[in-house]
Amino acid sequence: MSLPAYIFRRLLHAIPLLLAVAVMNFMLIALAPGDPLTALVGDFPAPAEYVAKVRVDYGLDKPMPVRLVRYLGHLAQGDFGYSFANRMPVATLVWERLGATLRLTGTALGSAALLGVLLGLLAARREGGWVDRAVRMGSTAAYALPEFWVGQLLILLFAVHLGWLPSQGDAPLRGTPPGWEGVLVSASYLLLPAFALALRYVALIARITRARAVEVLRAEFVLAARARGASETRIMLDHVLRNAAPAIITVIGYNAGFLLAGSALIETVFGWPGVGRLLFDSIAARDTPTMLAILLMVSATVVVANLLTDVMHRLLDRRVH
Amino acid sequence: MRRAPPLPLVGVLLLIALALGASWVSPGDPLAGSADALLPPGSAGHLLGTDDLGRDMLAMLIHGSRVSLAVGLASSGVSLLLGVLAGATAGWLGGWADAVVMRISEFFQTLPRFVLALIVIAIAGPGIGKVILVIAVLGWPQTARVVRAEISALRGAAFVDAARLGGMPAPLIVLREVLPQIAAPVLVLAALDVATAILLEAGLGFFGLGDPNLASWGAMLNEAQQYLRSAWWMSVFPGLAIGITVLLFNALGDRAAAALDPRGA
Amino acid sequence: MTALLEIDCLTVALGDGTALVEDVSLALAPGETLGLVGESGSGKSMTAHAILGLFPAPHIHIAAGQVRVDGVDLASLAPEARRAIRGRRVGMIFQDPSSYLDPLLTAGRHIAEAMRVHGVSDRMPERVANLLERVDLPASAAARFPHELSGGQRQRVLIAAALAMEPSVLVADEPTTALDVTVQAGILDLLRRAAAERGLGVLLITHDLGVVAETCDRVAVMYAGRIVEQSDARSLFRAPRHPYTQGLLASVLDPSRDTVPFAMEGSVPPAHAMPKGCRFHPRCPLAAGPCFTVLPPFIDGVACWHADEAALGAWRRR
Chain A
1 MSLPAYIFRR LLHAIPLLLA VAVMNFMLIA LAPGDPLTAL VGDFPAPAEY
51 VAKVRVDYGL DKPMPVRLVR YLGHLAQGDF GYSFANRMPV ATLVWERLGA
101 TLRLTGTALG SAALLGVLLG LLAARREGGW VDRAVRMGST AAYALPEFWV
151 GQLLILLFAV HLGWLPSQGD APLRGTPPGW EGVLVSASYL LLPAFALALR
201 YVALIARITR ARAVEVLRAE FVLAARARGA SETRIMLDHV LRNAAPAIIT
251 VIGYNAGFLL AGSALIETVF GWPGVGRLLF DSIAARDTPT MLAILLMVSA
301 TVVVANLLTD VMHRLLDRRV H
Chain B
1 MRRAPPLPLV GVLLLIALAL GASWVSPGDP LAGSADALLP PGSAGHLLGT
51 DDLGRDMLAM LIHGSRVSLA VGLASSGVSL LLGVLAGATA GWLGGWADAV
101 VMRISEFFQT LPRFVLALIV IAIAGPGIGK VILVIAVLGW PQTARVVRAE
151 ISALRGAAFV DAARLGGMPA PLIVLREVLP QIAAPVLVLA ALDVATAILL
201 EAGLGFFGLG DPNLASWGAM LNEAQQYLRS AWWMSVFPGL AIGITVLLFN
251 ALGDRAAAAL DPRGA
Chain C
1 MTALLEIDCL TVALGDGTAL VEDVSLALAP GETLGLVGES GSGKSMTAHA
51 ILGLFPAPHI HIAAGQVRVD GVDLASLAPE ARRAIRGRRV GMIFQDPSSY
101 LDPLLTAGRH IAEAMRVHGV SDRMPERVAN LLERVDLPAS AAARFPHELS
151 GGQRQRVLIA AALAMEPSVL VADEPTTALD VTVQAGILDL LRRAAAERGL
201 GVLLITHDLG VVAETCDRVA VMYAGRIVEQ SDARSLFRAP RHPYTQGLLA
251 SVLDPSRDTV PFAMEGSVPP AHAMPKGCRF HPRCPLAAGP CFTVLPPFID
301 GVACWHADEA ALGAWRRR
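So the protein sequences, as listed, match chains A, B and C. Residue 1 is where the first sequence starts when you use this note's numbering, and the numbers rise one by one after that. Residue 1 is where the second sequence starts when you use this note's numbering, and the numbers rise one by one after that. Residue 1 is where the third sequence starts when you use this note's numbering, and the numbers rise one by one after that.
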């Protein structure tokens with residue numbers, strides 16, 4: 001099968017998954033204890049006209065199938081409801097917070113991939129050596145620690161005890177100097193949360209990289225490359241990394257949900273103004289429309305991440321059919 | 001060859017003993033507040049200090065093990081049951097039953113477990129039973145996939161044919177002949193599941209969705225968040241407790257997997 | 001003229017000291033093809049790996065002896081200098097060409113790698129095309145992945161990569177064993193041509209005496225980690241002197257006779273359970289006296305206590 005045909009088939013596959021996620025959202029509203037109206041409006045004194053409008057728009061007096069179709073219709077138009085806690089449409093609200101979350105998760109993901117692959121390769125280079133043992137023990141330990149607690153420890157050490165870095169929020173819009181200095185200020189706010197979020201991911205990536213690299217290093221084509229005079233560094237980059245890449249990409253991609261969940265916790269610890277912090281606030285405020293919109297967004301991100309992973313995998317290994 | 005029981009197993013058994021005997025071991029009622037708020041570790045009568053409401057940290061930690069272990073063990077037990085049931089059905093029947101079960105499990109694997117659990121509990125209201133159920137319902141697909149793969153591989157085995165010719169009904173064949181054969185890999189998964197569930201529960205507690213009538217490690221970390229600048233011990237000890245517990249279950253799973261690996265080593 | 005490659009009293013051992021190859025000495029002259037034959041487990045493949053100092057498993061190492069390329073002892077070189085010799089002075093090809101090619105790299109990338117690692121990086125497509133032509137493959141093969149090539153084509157790609165830097169020595173470890181008989185002939189022809197045209201010295205490791213007869217100028221026979229006989233190919237085939245060599249030759253199917261081929265009983269002893277004395281004595285029809293207790297010295301091309309008697313035909317008396 002050609003690559004475009006494969007991507008097309010994978011896309012077709014993703015659509016029912018997204019639909020299923022939307023239906024599940026609908027079921028959460030329908031099954032919520034109390035009036036489904038509360039779930040759609042949130043636990044707020046909403047104006048009577050709005051409540052009446054929601055009741056008609058979502059067909060709450062109609063049978064279940066009609067209500068489902070109406071609900072999906074609203075989603076398809078990008079209408080996720082109105083957040084009374086924040087006094088704005090949910091779609092706008094989430095959209096405003098998205099940038100901060102992408103900056104945090106992107107930084108964490110990028111540095112985790114770099115660091116994890118590097119540590120995994122270093123460990124594999126001397127199987128059973130001290131680097132290998134240190135990486136394996138370190139990753140086992142890091143994988144067991146809740147990321148939000150790691151965040152608290154980092155705050156205790158670097159913000160409270162040493163006073164080097166800020167512990168709460170993002171760089172203020174006003175008061176951050178322009179140019180390089182501003183970048184440094186932004187980075188100082190980003191450093192701790194990104195590290196806390198990346199830690200478990202580093203452990204995960206280091207483990208899979210090490211395991212695959214050890215396997216590839218035993219392959220006969222590596223011996224052949226050495227016989228041609230290839231250096232160990234070149235072998236690591238040209239052969240080992242290339243052959244380990246599909247497995248690494250799969251682990252990274254299929255754990256996207258894990259990163260977003262971690263982000264919700266980390267943003268809460270660090271007061272980071274992203275979608276995760278919004279989720280925490282909306283739960284505290286019983287702002288159901290916002291919660292459900294975030295759930296939908298996260299699920300959709302996971303479906304897309306899995307899709308991209310499979311396509312990348314296919315690009316990296318031509319033998320996959 | 002006889003060997004000493006592996007360290008992770010000893011650790012897990014000790015933890016379970018601690019949770020069971022919490023009322024006897026604990027220095028007091030974990031939820032009883034006092035005027036002695038925010039005492040540092042080493043204070044008289046409070047080995048690990050007190051929290052913002054003057055509750056004894058050690059007593060809370062010891063009782064917290066109950067919540068973590070109950071949620072971890074019960075949810076992984078329920079998800080094991082669901083997974084084996086679904087996986088066995090899919091693997092044994094094959095065909096459309098297989099397709100349906102696999103599609104459903106694929107869908108569940110797509111769901112972001114933690115975020116979904118958060119929202120379900122937020123909507124349904126807190127409660128340890130609900131937490132167990134939600135984590136279990138989100139956790140079965142992996143077990144189902146492993147069971148399915150193993151069972152469809154064993155379906156044509158000679159001992160299965162023998163049982164079938166002997167007139168044994170299919171559910172009984174699966175239960176008596178096939179499941180014992182695949183117990184090992186499934187139990188490894190279950191151990192790792194316990195660790196994941198404990199982390200999920202801690203996250204829920206940290207989000208303030210724990211049972212307000214129980215001391216839980218995640219909820220303790222939630223409280224600690226506001227006192228990071230004044231009471232480091234409120235964060236350090238519960239986090240350590242979670243980390244060590246998760247590490248023990250992960251290590252138990254890894255050890256078991258290594259011991260069961262036919263390639264030896 | 002000095003030999004291209006000299007192996008001197010080479011011993012290869014496992015981590016625990018168990019010897020896989022013991023006291024092996026060989027020399028290879030320019031343009032010469034030297035066959036190293038023996039059953040599997042005789043240590044011939046380990047000898048081949050020892051030349052580049054690359055072993056298929058950790059803990060295997062050179063315990064004693066020297067490998068000299070152009071008169072330089074490889075053990076005396078720094079790792080970087082040793083690496084510079086691999087591929088540039090000594091090329092190597094292997095038994096199963098499919099597992100010795102990286103499945104994710106094209107044929108062209110393999111050949112280019114052989115040059116890049118030695119600092120050659122200009123006119124790469126042209127160089128790769130020339131090398132492919134030398135091994136009778138079209139230039140278009142450069143873009144093919146290993147799974148898109150046949151077994152014979154894969155071996156040709158490996159040969160092209162091994163010859164890319166014009167080494168003076170080629171170590172060929174069972175290069176045709178995994179290939180069809182019809183494909184074998186083409187590969188052997190390629191090796192013969194390379195030796196004749198460029199003065200390449202070829203060390204051909206094989207268990208197939210037919211291949212040796214077709215290709216080699218001289219032959220060394222290995223048994224249980226030691227060389228038991230060495231001579232020019234013509235006299236070895238005409239008048240083998242060691243009972244083991246005679247047994248090997250007799251077990252080759254001869255189409256001119258319709259007798260059932262002879263088969264030696266037993267097999268090569270494992271490395272950790274070598275018999276005392278001559279290692280072949282448990283299987284040898286002439287075993288007597290010193291054979292049971294003392295290792296026979298390698299004198300005048302053969303290592304046998306009863307070489308004179310064996311010259312008459314060791315297996316005939318039975």
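By construction, these hints were calculated from the structure, which means they are not laboratory data. Among the hints, a few may not be true.
[Stated by the list, open to error] Covered by chain A, according to a simulated footprint, are these stretches of chain C (three or more residues, beta-carbon under 8 Å):
hint : stretch
1    : 177-184
2    : 203-212
[To be verified] Pairwise CB distance ranges (calculated):
hint : chain 1 : residue 1 : chain 2 : residue 2 : range
3    : A       : G110      : C       : G210      : 30 to 38 Å
4    : A       : M312      : B       : L187      : 28 to 36 Å
5    : C       : G15       : B       : A44       : 40 to 48 Å
6    : A       : T140      : B       : W96       : 36 to 44 Å
7    : A       : L157      : B       : R255      : 27 to 35 Å
8    : B       : K130      : A       : F44       : 18 to 26 Å
9    : B       : A258      : C       : S235      : 27 to 35 Å
10   : A       : A187      : B       : N213      : 41 to 49 Å
11   : B       : L85       : A       : R87       : 45 to 53 Å
12   : B       : A162      : C       : G210      : 47 to 55 Å
13   : A       : L237      : B       : S43       : 27 to 35 Å
14   : C       : R198      : B       : S152      : 29 to 37 Å
15   : B       : W96       : A       : L308      : 25 to 33 Å
16   : A       : V160      : B       : A44       : 22 to 30 Å
Since the model is a prediction, treat every value here as computed from it, not as a measurement. Glycine included, every Cβ here is placed at the ideal spot set by N, Cα and C.
Violated hints - listed by number, lowest first: Violated: hints 1, 2, 3, 5, 9, 13 and 14.
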